[in-house]
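**Student:** Residue numbers (the numbering used here), protein chains in the order written: chain P, 879 to 995; chain Y, 48 to 162.
Check the hints yourself; a few may be wrong.
Claimed, not checked - With a straight-line Cα cutoff of 20 Å, these simulated SDA-like cross-link-like pairs (lysine to any residue) come out:
| id | chain 1 | residue 1 | chain 2 | residue 2 |
| --- | --- | --- | --- | --- |
| 1 | P | Lys982 | Y | Ser142 |
| 2 | Y | Lys104 | P | Lys895 |
| 3 | P | Lys982 | Y | Gln84 |
| 4 | P | Lys879 | Y | Lys125 |
| 5 | P | Lys895 | P | Ser961 |
| 6 | P | Lys982 | Y | Leu102 |
| 7 | P | Lys895 | P | Lys949 |
| 8 | P | Lys949 | P | Ser973 |
| 9 | Y | Lys125 | Y | Ala49 |
| 10 | Y | Lys61 | Y | Gln130 |
| 11 | P | Lys879 | P | Pro907 |
| 12 | P | Lys982 | Y | Asp103 |
To be verified - Far from chain P by the CB rule (all over 10 Å, computed), these chain Y residues:
| id | residue |
| --- | --- |
| 13 | Asp103 |
| 14 | Pro117 |
| 15 | Gln127 |
Calculated directly from the structure, the hints in this document are not laboratory data.
For glycine and all other residues, C-beta sits at the position ideal for the given N, C-alpha and C.
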Amino acid sequence: KNQVEQSPQSLIILEGKNCTLQCNYTVSPFSNLRWYKQDTGRGPVSLTIMTFSENTKSNGRYTATLDADTKQSSLHITASQLSDSASYICVVSASEGWNTGFQKLVFGTGTRLLVSP
Amino acid sequence: GAGVSQSPRYKVAKRGQDVALRCDPISGHVSLFWYQQALGQGPEFLTYFQNEAQLDKSGLPSDRFFAERPEGSVSTLKIQRTQQEDSAVYLCASSLETRFNSPLHFGNGTRLTVT
Numbered sequence: 879k880n881q882v883e884q885s886p887q888s889l890i891i892l893e894g895k896n897c898t899l900q901c902n903y904t905v906s907p908f909s910n911l912r913w914y915k916q917d918t919g920r921g922p923v924s925l926t927i928m929t930f931s932e933n934t935k936s937n938g939r940y941t942a943t944l945d946a947d948t949k950q951s952s953l954h955i956t957a958s959q960l961s962d963s964a965s966y967i968c969v970v971s972a973s974e975g976w977n978t979g980f981q982k983l984v985f986g987t988g989t990r991l992l993v994s995p
Numbered sequence: 048g049a050g051v052s053q054s055p056r057y058k059v060a061k062r063g064q065d066v067a068l069r070c071d072p073i074s075g076h077v078s079l080f081w082y083q084q085a086l087g088q089g090p091e092f093l094t095y096f097q098n099e100a101q102l103d104k105s106g107l108p109s110d111r112f113f114a115e116r117p118e119g120s121v122s123t124l125k126i127q128r129t130q131q132e133d134s135a136v137y138l139c140a141s142s143l144e145t146r147f148n149s150p151l152h153f154g155n156g157t158r159l160t161v162t
């Protein structure tokens, strides 16, 4: 069964500190891996998208890594800010529906990050 | 509009009532998805449209759930005879293209509570 597991479930860090969130997946056939940020009561917002051939991608203070061999990804947040408090969701796309380009996304349950002043 | 718009923002329904949830995708976006997100969980796929064609509805939990996108823009998710287990946030997402790494833009969801 296609699954995406994230750790830790929740995390509290002090403002200004760095943190790393983990994602393991068993989705096949793999197409791409995405990290989303979801604020409470809002829809997810895309941070990064990585295909099989990419092993790192940055978006400001967010850096995602991908190891397609071990099926692991991480999201590193540098110099955290209060506004980083949110759930971070790892999403893996299975390349089903090839003819239609349909992206079958498998979502993790997220890591809930709280940045404390 | 600038983003994906969903309405209503909140909906409370008595068990057995029918509800209709609306999604206005970003103008010109070809692909439209509906997801169901239970509290503390990640979104789960319900159905997918490419323009007006519903290409996949394998995630709809029962025949009480029905979705349409008749003109290839606005979409409606209808739930008949609502049950308590239908309580969740229903998210709509759209993307400009159908290629695999096309970014998805999510709405803020409709929170449905069935009492």
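**Student:** Would you mind marking each hint as holding or not holding in the structure?
**Tutor:** Here's how the hints hold up against the structure:
no., hint, in the structure
1, Lys982(P) x Ser142(Y), "holds, 13 Å"
2, Lys104(Y) x Lys895(P), "violated, 43 Å"
3, Lys982(P) x Gln84(Y), "holds, 16 Å"
4, Lys879(P) x Lys125(Y), "violated, 28 Å"
5, Lys895(P) x Ser961(P), "holds, 13 Å"
6, Lys982(P) x Leu102(Y), "holds, 12 Å"
7, Lys895(P) x Lys949(P), "violated, 27 Å"
8, Lys949(P) x Ser973(P), "holds, 15 Å"
9, Lys125(Y) x Ala49(Y), "violated, 25 Å"
10, Lys61(Y) x Gln130(Y), "holds, 8 Å"
11, Lys879(P) x Pro907(P), "holds, 12 Å"
12, Lys982(P) x Asp103(Y), "holds, 10 Å"
13, Asp103, "violated, 6 Å"
14, Pro117, "holds, 19 Å"
15, Gln127, "holds, 25 Å"
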